[in-house]
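In order, the protein sequence lines correspond to chains R and A. Just so it is clear: in the first sequence, position 75 is 75 by the numbering used here, and no numbers are missing. Here the numbering used here = 1-based position in the second sequence + 1000.
Hints listed in this document are in silico derivations from the structure and should not be mistaken for laboratory results. Fair warning: there could be bad hints in the mix.
Stated by the list, open to error - Partial selection, computed: residues in chain R whose CB lies under 8 Å from chain A:
{"#": "1", "residue": "Leu62"}
{"#": "2", "residue": "Ala66"}
{"#": "3", "residue": "Ala75"}
{"#": "4", "residue": "Ala76"}
{"#": "5", "residue": "Leu112"}
{"#": "6", "residue": "Gly117"}
Unchecked claim - Partner residues are not named here, just some residues of chain A that face chain R (Cβ under 7 Å, in silico):
{"#": "7", "residue": "Ala1244"}
{"#": "8", "residue": "Leu1246"}
{"#": "9", "residue": "Lys1358"}
{"#": "10", "residue": "Gly1360"}
{"#": "11", "residue": "Glu1464"}
{"#": "12", "residue": "Pro1489"}
{"#": "13", "residue": "Tyr1563"}
{"#": "14", "residue": "Val1567"}
{"#": "15", "residue": "Met1568"}
{"#": "16", "residue": "His1569"}
{"#": "17", "residue": "Ala1628"}
{"#": "18", "residue": "Pro1643"}
The C-beta atom is built at its ideal place from N, Cα and C for all residues, glycine as well.
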Amino acid sequence: MKSHILLLAAAILAGPAFAQDAPKGDAAKGEKLFMADGCWQCHGVGGNGAALTGPKLSQTALPFEAFLHQLRRPAAEMAPYEAAIVPDSAAADIYAFLKSRPASPDLKDLPLLQGMGVK
Amino acid sequence: MEKPRLDRRGFLKGAAVAGGATIAVEAPALAQTTPAQPKAPGPSAAQMAAETEHPGEGEHLTTEKTGSDFMVDVCKTLNIDFMAACPGSTFRGFQESFINYGKNTKPEWLTCMHEEVSVGMAHGYAKVAGKPMAAMVHGTVGTQHAAMAIYNAWCDRVPIIMFTASAGPVEDRRPGIEWFHSVQDGAATVRDFTKWDDYPWSLQSFAESTVRAYQLATAQPQAPVLITADGKLQEMELSKAANAQLSIPKLNHPTQASADPDALKDLAKMLVAAENPVIFADRYARSQKGMDDLVKLAEALQAPVIDQQNRMNMPTTHYLCQSSRGGPLLAQSDFVLSLEPQDIYGTLNKMTDQLERKTGSKIKKTTKVASIGTHDLMVKANYQDFQRYNATDLQITADPEASMPWLIEAVLREVGDRKSAFDARGEKMRAAYKNFANNARKAGALQWDSSPIGGARLFAELWEVVKNEDWAFVTPNAYSGNWQHKLWPMEKHYQYIGSSGGSGVGYEPVGALGAALAHKQAGGRLPIAVIGDGNFNMAPHTMWTAAHHSIPYLAIIQNNRAYHQEVMHIQRMANRHNRGVESGVIGTTMTDPNIDYARLAEGYGAVGIGPITDPKDLNAAFKKGVAAVKAGQPVLIDVVMQPRG
């Protein structure tokens, strides 16, 4: 994933199209769009990821431009979302929703998970 | 039971009272040519005709022995424990002989509610029991029902002894149904994915073909075989004299083909010379010994093993089990050894699922590739399960499990002064291994509190309840996150049995049922199935077969209320076509109404628990479920889960 982000960063620097500010999104709308547009299918309901299908998105550290770029020109397997079906404003709403997600619990507070199986 | 003659008298007496209406019901064929006589007193023409067709006193109507009894004698020599079947009239003689003449033991008859279950449970059973069981399927329609399960077992290289039947020669077929269920070449429907079949035309031939079929099924590469039991042969009288002339060939268990010693020597040299070898184990281990030997080979080389999880190949507790690092290890490898591969191309290459499909190699151009496998011994032309061709540097056509002791010996002979380099490699592997469990736990924390419930939470809660049991998974659990391979100590061969083979949906409930049966036979084990809801809906009545035959197991429904793989496929198409991006759920989801799986299970006589939507309720559900399984019951727990775990 790191290499994707580096590539994205390079693309952002290179292209004027990416040099815009992140539009202000609406997290409540974004939550609905995250479901309606099918992001949940691969990234999980709540956006915390699934090993087989898509990485964690909640509290994404990506800048909006990189986020948008992943939608338009996915790094590898993700299905592309063109502006015709997820406009920039909708992407901004989804981004706001993901940014607003609460943190996952800390591993040290999960004795059951620490205790599972192989040491 | 009353004798037929008494029935006849009774019938005529009743007819005299009831008149023509009774005749029309009892003898429809005759009524076509003989108009019913309204309200005529006494027997009608049809009744008279029927009367005159009754056999005379000299004709005998029963017999003490038929061909099907001999067929049972043949099956009993194979040491088969179970015969699974959904009833079908083409094998009525055979079935009656099994349950009465054969006393319903060895094999014991199991009642299934679909031929896909009969065959699919035999698939799961063989992978745990290490020997095949049998399935019987109705002529024509039963074979058609069974086809997908046969295909799965074929792709998965699993032996099943299957029987079908046909009603016999034309002059002996009753009009109508017996014709629909008769076929010249019953195996043709499934010949593309069976190893061998035969339609024996004599009882002697039935004996020889059945024993041959068993041997072929169990020789590597293993696969289903199909024998057609002709209806006339089943139902014909078998005199003492004729029976005495028949003989059943002795069953010899074939040894498996071991590799050419020179080729193994070459392979050992290549493995020892390699700086970064990687061993891939696909359908490699058939037994605990296979697993133990793979550990020995890996240790001799201090080489990492990637378990492709189509069998239980490598203990997850061993530091050389590096399955979660397959990609990076392949990228830096200079030598790859693949054990019983089904798809070397797919292991070494990738292809994206975009409008333009791009391929790329996962290995360097200079990396050498070798394989030991039986794949090429059983390739057919039509179905494409043989996968894309991939050239190798050394291809050894042999059974890798049988060859492994010789390969280890050859490697040990070659090691020499490479020992210190191997030890250094081993240290690197130990260091990498230390991170695996912690990384997996970190990933598991992400969905810890989520509802729908995440896979890591499910497996952690489950572990807490079953950790002191002799547990074994009877389903592949990739869609629920494969947490058992990431975090459970999987050290025994029977703890995991791989997947469906052909990705035919419906394998999970049926394979689980058969595997659970084998675990029951082994005694004291706790079989666990994590079954997708789409998969379960192909055969929910497996719960009835389990209840009826007292086959205990814990079936957890990974309920994402969808055929989720298809949800993602449709979404991908909608995205690609720039339209309908919000309607990917049409035709792929199972909501409105939601299905109540616990009630369904209870309806079939199993224990039903759930739906569980709050992860905090998992502990109580698992405790209750495990207690019931230990008391001998099949249990279903419906857990509403994330689309993927």
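Okay, the hints, checked on the actual structure:
1. Leu62: 17 Å, violated
2. Ala66: 19 Å, violated
3. Ala75: 10 Å, violated
4. Ala76: At 6 Å from the nearest chain A Cβ, Ala76/R passes the 8 Å test, so the hint holds.
5. Leu112: 5 Å, holds
6. Gly117: Hint on Gly117/R: holds, closest Cβ of chain A at ~4 Å, below 8 Å.
7. Ala1244: 61 Å, violated
8. Leu1246: Since chain R brings no Cβ nearer than about 55 Å to Leu1246/A, farther than 7 Å, the hint is violated.
9. Lys1358: Lys1358/A check fails; min Cβ-Cβ to chain R is 9 Å, beyond 7 Å.
10. Gly1360: 10 Å, violated
11. Glu1464: 6 Å, holds
12. Pro1489: 5 Å, holds
13. Tyr1563: 12 Å, violated
14. Val1567: 6 Å, holds
15. Met1568: This hint holds: Met1568/A lies near chain R, its Cβ roughly 5 Å from the closest one there, short of 7 Å.
16. His1569: At about 10 Å, which exceeds the 7 Å cut-off, the nearest Cβ of chain R leaves the hint on His1569/A violated.
17. Ala1628: With a closest approach of 23 Å, the Ala1628/A hint is violated.
18. Pro1643: 6 Å, holds
The structure fails to meet hints 1, 2, 3, 7, 8, 9, 10, 13, 16 and 17 from the earlier list, while all remaining hints are met.
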